[in-house]
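Engineer: Model the full structure from these sequences, guided by the hints.
There are 2 protein chains.
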Amino acid sequence: MQLFRNFKSVTKTCYGRGSFGKLGEILEPQRGAHQRFFVFLVDHYFEGWDDFIARIPKQEGDELIFCSTEKEPSTEQIDGLRDDILARRGLPAGVIGIGGGNVMDVAKALSLMFTNEGSSVQYQGLNLIRKPGIYHCGVPTISGTGAEVSMTAVLTGPVKKLGLKCDWTVFDQIVLDPDLITTVPTDQWFYTGMDTYIHSVEAITGTKKNTFAEAYSEKALDLCREVYLKRDRSDPKSDELLMVASYMGGLSLTYSEVGVCHALSYGLGKVLEMHHCFANCVAFNQLEDVYGEYVQEFKHMVKERGVNLPANLAKDWDEKTLDAMAEVAYNLPHMWDHAFGPDWQKVLDRERIKGWYRRM
Amino acid sequence: MQLFRNFKSVTKTCYGRGSFGKLGEILEPQRGAHQRFFVFLVDHYFEGWDDFIARIPKQEGDELIFCSTEKEPSTEQIDGLRDDILARRGLPAGVIGIGGGNVMDVAKALSLMFTNEGSSVQYQGLNLIRKPGIYHCGVPTISGTGAEVSMTAVLTGPVKKLGLKCDWTVFDQIVLDPDLITTVPTDQWFYTGMDTYIHSVEAITGTKKNTFAEAYSEKALDLCREVYLKRDRSDPKSDELLMVASYMGGLSLTYSEVGVCHALSYGLGKVLEMHHCFANCVAFNQLEDVYGEYVQEFKHMVKERGVNLPANLAKDWDEKTLDAMAEVAYNLPHMWDHAFGPDWQKVLDRERIKGWYRRM
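Protein chains in written order, with the working numbering: chain A, 29 to 388; chain B, 29 to 388.
Don't read these hints as lab results, they were simulated from the structure. Quantities reported herein were computed from a predicted structural model and do not represent experimental measurements. Do not take every clue at face value.
Identical copies look the same in the list; a pair holds intra-copy or inter-copy alike.
As the list claims (entries may be wrong) - Straight-line Cα separation of at most 25 Å, DMTMM-like style, residue types lysine to aspartate or glutamate; simulated pairs:
id : residue 1 : residue 2
1  : 36        : 56
2  : 188       : 371
3  : 50        : 325
4  : 343       : 112
Structural biologist: Structure representation (structure tokens):
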């Protein structure tokens with residue numbers, strides 16, 4: 029069963045070393061049209077990093093808000109940000125997210141929630157959003173999640189960890205400057221880059237892919253190999269390649285789905301508040317029975333890069349925790365359907381899921 | 029010198045076998061919003077092909093116009109179509125181009141000329157168009173030109189062969205159905221597919237490329253190899269791959285340029301009215317001194333596919349013809365700059381260009 033989708037692309041894309049310096053120029057027409065302020069959501073990682081902050085094209089009246097990324101984006105966080113800004117300042121001209129996948133998702137969700145009434149909880153799912161959001165622009169400073177091109181803003185809510193997913197979620201503009209990812213700490217550079225590796229593997233190995241998705245997955249995987257197995261981190265080309273890998277890995281999902289690893293990762297995220305990319309790595313590391321040689325290649329990359337990937341985490345998880353995680357993972361039928369086909373319930377139950385968690 | 033570009037993507041993309049059957053559904057919201065008629069521009073190749081024509085979701089009041097592709101699209105043709113439709117029917121809700129690259133370019137140009145006054149001649153160039161065009165949708169029935177994703181609608185005018193190039197040229201919607209390209213005659217299937225091979229080679233070998241362009245070029249070239257060297261034409265996967273190759277080859281030019289072959293091909297097109305893709309093949313076949321092993325690979329593909337690529341055409345070209353073609357080619361400085369760098373005038377003159385033409 030191939031997917032029929034009519035996917036919406038990011039409207040405008042500016043890629044290249046130094047393109048962050050063009051952000052002011054790029055935003056100017058949006059400012060002119062609305063004569064209102066911009067909200068710059070900036071990864072808390074940059075707090076106190078004055079020379080970077082000075083490069084943000086903030087003008088008088090604009091809001092600059094540091095965005096904590098300790099936890100995954102939540103519906104509560106989005107609703108709070110929206111209510112606060114509307115009460116203090118009214119409707120902005122646009123939201124600019126500068127940071128990792130976390131900040132990208134906050135920017136996308138916030139843009140939508142400025143124009144859709146009520147709590148973001150009620151819009152978690154596909155095409156539940158009723159109105160287009162305000163202008164939103166993404167400037168990634170870490171690469172790998174593909175959040176810069178995806179039509180989903182993943183949010184953790186009181187019940188579900190599920191995205192606001194619709195055509196209007198997609199960014200109006202992205203600025204991809206490889207210079208911005210040079211300072212990412214090694215472990216995070218690896219975990220986040222592996223998100224693109226892992227979802228490209230999941231995209232290419234399931235039942236719902238088509239040739240379009242395959243082409244993007246294959247190229248994203250090749251680019252990951254180039255970055256993590258063939259080049260020095262200090263080689264500037266490495267950052268350029270990783271940024272394209274993230275972009276193409278994101279597009280590999282336009283005509284496919286994530287699979288077993290992401291389902292398990294969502295359980296880790298929802299129950300243990302484990303960061304998405306780290307959780308993916310923890311899970312993928314134990315999925316050789318599903319993703320075979322890709323997991324071997326992943327382990328090879330972990331070793332080559334001397335990355336610290338903890339094991340034996342499961343010894344601290346009690347039965348209640350395992351049950352809770354398995355429940356979250358089990359309730360993602362589109363991922364299981366993609367991974368194992370429409371009869372997935374014949375090969376998968378909560379016990380099998382708990383078995384994977386116990387290995388971690 | 030890398031390029032800074034902020035490129036506009038095709039707004040919505042529907043890829044997949046059978047997606048042509050979704051065209052009516054896809055167009056419906058556009059129809060509803062305007063309560064006006066659609067113009068279906070259909071490649072004259074389908075004239076009399078009743079079962080295909082019956083599949084076009086034409087409703088009462090819509091115009092279906094067969095589009096001759098004997099000559100490359102011209103400013104005269106666009107102005108005439110626009111004036112005729114406006115006089116008879118008024119402003120349409122949208123233009124849907126169903127055909128090869130030629131029809132794609134007519135649909136793009138016509139969409140723009142419905143809202144921009146005067147002759148299309150005055151808009152040949154970059155960003156000369158002043159207003160967005162009307163809704164336009166592209167449905168390719170031959171793959172390779174990349175016209176489905178490009179921001180150019182190439183037109184032959186009284187003086188120049190040059191595109192209407194701006195953000196608004198880009199399609200609002202494309203429908204990529206591999207089923208539609210199965211019946212393309214072998215020679216044309218080869219020549220048109222080679223357009224993507226050739227411009228991917230030109231994109232990757234010049235001075236203006238960046239890593240984004242490289243990734244798309246490399247993948248487009250791999251897909252071409254898969255189609256023309258490894259698979260049977262009758263293998264349905266072959267059509268799926270070629271359609272993605274064309275798409276990615278088109279995107280390889282977002283951060284690069286075409287080069288020597290396209291410059292020479294423009295001369296053949298303008299002076300001899302030779303079809304673009306065929307002209308590319310005629311020129312590329314003689315460019316081993318510039319594109320080395322790529323030309324060898326191209327010759328290998330010609331041989332493997334038993335394609336009829338004529339040689340010794342130049343014996344019929346007099347000095348005046350050669351001068352005229354060299355003049356057209358020489359006056360494409362952005363292509364020469366990309367191919368040979370900013371000092372291209374030191375290595376290129378009209379005589380060198382004529383030398384290439386004499387070999388053809």
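Engineer: All hints are to be evaluated individually against the structure, with a verdict given for each.
Structural biologist: Here's how the hints hold up against the structure:
Within a single copy, residue 36 and residue 56 get their C-alpha atoms as close as 24 Å, and across copies as close as 17 Å, so both meet the 25 Å cut-off. Within a single copy, residue 188 and residue 371 get their C-alpha atoms as close as 24 Å, which meets the 25 Å cut-off; across copies the closest is 60 Å, which misses it. When the C-alpha separation of residue 50 and residue 325 is checked against a cutoff of 25 Å, the pair qualifies neither within a copy, at 38 Å, nor between copies, at 40 Å. Taking the shortest alpha-carbon separations for residue 343 and residue 112, neither the intra-copy value of 42 Å nor the inter-copy value of 77 Å comes in at or below 25 Å.
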